[in-house]
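Enquirer: The lines below spell out each chain.
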Amino acid sequence: MADAIIAKAKAIYGHLLTHEDYNNLLHKTELSDVVAYLKTTFNYKDTFANVNEAQIHRGQVEQLISKDVFELYLKLCRFMAADKNSFCYYLIKELEIKQIITALMYINAGSQEGYLLGMPSYLMGYVSFDLMKLAQAKSYAEVLNVLSGTPYAKVLKPMLTGTESILELDECAVAMFAWYVHWAFKTIDRSFKGAEAKNLKEIFLRQSDLNNIMMCYRKKSLFNEDKEKIKRSLYSTYYRLTPQLLDEILSQPDAAQQLLNLLKKIYLKNRVEYDPENIEIAIRRYNFSYYKKQLCFSKNGTMALYALMALCEVESSNLRKIIESVRYGRPPAETEKLLVI
Amino acid sequence: MAIEKMALVHIEGALKRVNKTLLKCCESKCFHIINQNRAGDPTKGLRSFKSKSPFTPLLNRSRALADTLGIEVKTVDYDDVDMNVSVDFDNYLKSIESKAQELSDKRHEVEASLKDHSEALILAERLTGFNVKFSDAFACKFLKIRFGRLPLDSIPKLSYYSDRDFTYYTFATDEKYAQILYLVPINDAVEVDEIFNSLFFERTRVPDYFYGDADEAKTEMLKAVREENNRLDIIDADIKALKLEVESGFQKAVSKLAALEQSYDLRQNVAVYNKKFFIAGYIPKRKLKEFTESLESIPDVSVAEKPLDSEPNSSPPVLLRNCWLFRPFEMFVKMYGLPNYKCFDPTPYVAVTFMLIFGIMFGDVGQGLLITILGIILDKWRKVKLAPIMQRIGITSALFGLLYGSVFGNEEIIEPFFKIPSVYQALGYSTAPSDIFQVSTILLLASIAIGVVLVLISMAMNVAENIRTPQWLSEAVISPNGIVGMIFYASVMLGVALQLGLGIPMFSAAYVICLIILPLALIFFKEPIISFFAKRVKRSKNVNIVRAVKTYSAATSPLDSINGSDEILEELINTNFVRAQYGVMEAEAYEAVKRRNDKDYIFYPFESDGKNVSGVYVAMVNDFPMTEKIFSSFGFKKMKMPGHIEDIRKEENLRLSEYTDDEEKKEHKSVGNFIIEGIIELFESCLTYITNTMSFLRIGGFILSHAGMMLVVSVLAEKAGDAAIVVQILGNLFVIGMEGFLVGIQVLRLEFYEVFSRFYKGDGKPFSPVVANYSAEE
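Residue numbers (the working numbering), protein chains in the order written: chain A, 1153 to 1493; chain B, 303 to 1080.
What the hints contain is simulated information worked out from the structure, not anything from laboratory work. Please note that the accuracy of each hint is not assured.
[What the hints assert, rightly or not] In silico EDC-like links for lysine to aspartate or glutamate, alpha-carbon gap of 20 Å or less:
#, chain 1, residue 1, chain 2, residue 2
1, A, Lys1219, B, Glu477
2, B, Lys417, A, Glu1205
3, A, Lys1219, B, Asp476
4, A, Lys1191, B, Glu504
5, B, Lys478, A, Glu1214
6, A, Lys1191, B, Asp476
7, A, Lys1191, B, Glu477
[Claimed, not checked] Every beta carbon over 10 Å from chain B, so not counted as near; a handful from chain A, in silico:
#, residue
8, Gly1262
9, Ala1330
10, Arg1342
11, Arg1358
12, Ser1373
13, Arg1392
14, Ala1485
All C-beta atoms in this analysis are idealised placements derived from N, C-alpha and C, irrespective of residue type, glycine included.
So here's chain A without its partners, still in its complex pose (with noise of 0.2 Å):
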């Protein structure tokens, strides 16, 4: 079944669009033209099929592109014929957190109904939790009930019971993260052994450890926060990183160009062009070259599966990127500066 997934994998992997397609994207200048070229690639053909290009609003052509990602995933899943609680399932986890991490956001801004018009309906009857109810809470209490029985209750319980003013979103997400790289872990152990295992998690520790890189130096570059402050919204498993090193970085004059060499030095080496003002779009290119050599080598049927999950992903992102530089009129070299290609 590996060699069957992996090879299936290479496949969709292969119809991804190309280095041209994205060249053609980045030189329209209407949505309808985006959506109309989009129409015509082997993998949208269908996603945009019966769709009116001239109409569509740009909202719509995202939650349809990511929906395609969505059914794609669960595709695979089926064809996996992968166990409801195994790792594979680890998608919707992740979008779980994301629901819940996005509707707390829009309560905190006062404006739920931002999140009901953003919300993936495509999703109700995956999750664990009802997503209109969510979408129809008004407060932190609302919310815990409506999440009651699923485990993200007992996570979120602390931080949101009595909360009546500004609730702090990146301790909810640390938190979460928390709860889902245990989970994770969990799975893990329980299917795979020896390399395999390690590979796996390996996923979430590099995640874990860029996540914080970036964190501190958004948060140390931009605002300038205190280091408490910004320990505090960081993940809690390390892996090429320790808390130490954080702490000591974190205390110097010159953190974020630390924090930069650091990244250089145990992450990107030379391996990555990137931008200092823009490291996140540094990040995002190491990941796009790590799955993609992971999608190619690993003999590992649900590394396979995560490693194009994760370019898909990429590509939707670009894909937004495109579409939002089409709505404002960015130039298409700077878009494609944004673009991981």
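Knowing the structure of chain A, use the given hints to seat chain B on it.
Expert: Below, chain B alone, put in the same frame as chain A:
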């Protein structure tokens, strides 16, 4: 074996005559032009045309007009068209465009209306089930009604707005959308419209001419669509009438316009010098007189025939010319690649062998004649290129069918050859064989015999083709396909045939040593033998160059004597022995030239300023084109001989003695390597002889397979009772279709792999005469 003889012609004339000359070249349909841009060297005062054609916009307009009127424009004879300049064509096109435009505008108007009504019809169909009159719905004073579609993902989200004053109704759903209408109080319309917009509602504007309910609207729209289609038909009839009126004249005018445009494009191949133009090209020799007369009828234009090798960077193109019987088989030769101009045309050989082998493999009188008839029909009806070949192979198939006694698989109507007493007795049978399967061994042996003969003929062709080339020793003599290979192959085959077939002992010691081992040894030692001869040839060639250069040096020494004098250089250039070219190259490139070991030329440096070295290169006439290419790759710029040249020969390292000593460094190969390579190559050659010969077994194989398939058809027909005739017809058609196709492929395979691979290179350049073709491409 005919390759059309070509003549190289140079056309010169006054610049103002260039268009007319090019048009004549196009009209001749037999002039293969050579691009003279390389001659556009500013140092020689030559330049090329760069202006844009005035006919291009006219041709584009004519294409648009042809599209509008539906005229299929093809190249026709335009002798009676008296338009010559762009203004004439412009006026002519305007006269048609004015009428066509009016009809086209009307058509577009009706099409737009038809599109609107068709879309409205689709809308009415979507709204099926809406049984309230649209006029009543839109007449509501306090309610707004909206029609459109909502993504299915947005439908659940509507429950979030259950406290708002609106209601919606779903008519239909597909995979992604729900067709809905919603009703909203007029005061809340703005807010609710906003909600629906944010849920990606795509509103459909219901036309104001929808009065009744959805069904009535649909009926109305169907009627409107019908009426507009009728109007379209009337306009199309008017367009057709205009087309009939102008078609003939338009085609002639556009053909001439295309010819003028194309001849104008050909100006890029023309060199210009001092208000004179210069064109070079090839023409079939038999048409030279007619062509010359045609061009020289233009004032101030002259045509001169030149030796074929006087264009250094161009070789004559190839035009095959065969009799009607062999001509269709040119297709196979072209498929493999045209022969070189200096080689012979293998088409007759291919034609004869193809017809013969196909006939042997697919021998049946009835089926063969049917293939011929099919070929005639396809040729007349669809002009299929394969059809003339089908006609010919069908006849050979029928002839061999007579021999096999097979008529649509029936072997009782005509007596097969193997049932004739004298034949079967000669073949060693005491009684007549009952069917062809009993003579299968004879058939297979005969197939091999055919193969041996064909392979030997192919080898002989290789010898004939290469014997006069500089590679005669390596290609025509000591080669697996050369004389040595032929001796070996023929001796082995003859020995095996006589010893095994007739019991004559053939493989005596002398026979084996002289005719088998010696040829193999020669092939094994081919490389050192060729190398030995090449050295001798090279030395004599270099001695010739050295003699020429010494003569040249003596004539021009001291160099002061040639300063400013082009005559001596011209003299040298025009000699039949060697040619020379003066020019300049970078000092670095000059060093690289000096380092080259494989020189068939001499470079004589005259002047150096540290960065550039000027001088002259001299080479044998035959090697001169190659030398030109070598120097061109080193960035050598050709120049006229300057007035002042200083003799710096004494300072140069380049010595004539280098050429006489011939100290070429050869790639060193160890004895071990030589033996291993030799053995492998020898083994490969022997293996090729065997596989090539065995490959011809398929000839016999297909005879038996054909007989086998027809036997199956007969058995099935016998069992079919009353439907026997139907089974016979279907079976025969199936065999013709499938086996005929397979046999054709197999014969072609034999031609390409076993025959062509032994002698044919297919590196010729096709003859492409300049013609004025109307093309719809932009």
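Enquirer: Confirm or reject each hint.
Expert: Comparing the hints with the structure gives:
no.: 1; hint: A:Lys1219 <-> B:Glu477; in the structure: 13 Å, holds
no.: 2; hint: B:Lys417 <-> A:Glu1205; in the structure: 18 Å, holds
no.: 3; hint: A:Lys1219 <-> B:Asp476; in the structure: 17 Å, holds
no.: 4; hint: A:Lys1191 <-> B:Glu504; in the structure: 19 Å, holds
no.: 5; hint: B:Lys478 <-> A:Glu1214; in the structure: 15 Å, holds
no.: 6; hint: A:Lys1191 <-> B:Asp476; in the structure: 18 Å, holds
no.: 7; hint: A:Lys1191 <-> B:Glu477; in the structure: 17 Å, holds
no.: 8; hint: Gly1262; in the structure: 16 Å, holds
no.: 9; hint: Ala1330; in the structure: 32 Å, holds
no.: 10; hint: Arg1342; in the structure: 34 Å, holds
no.: 11; hint: Arg1358; in the structure: 33 Å, holds
no.: 12; hint: Ser1373; in the structure: 36 Å, holds
no.: 13; hint: Arg1392; in the structure: 41 Å, holds
no.: 14; hint: Ala1485; in the structure: 30 Å, holds
In summary, the structure agrees with every hint in the numbered list given earlier.
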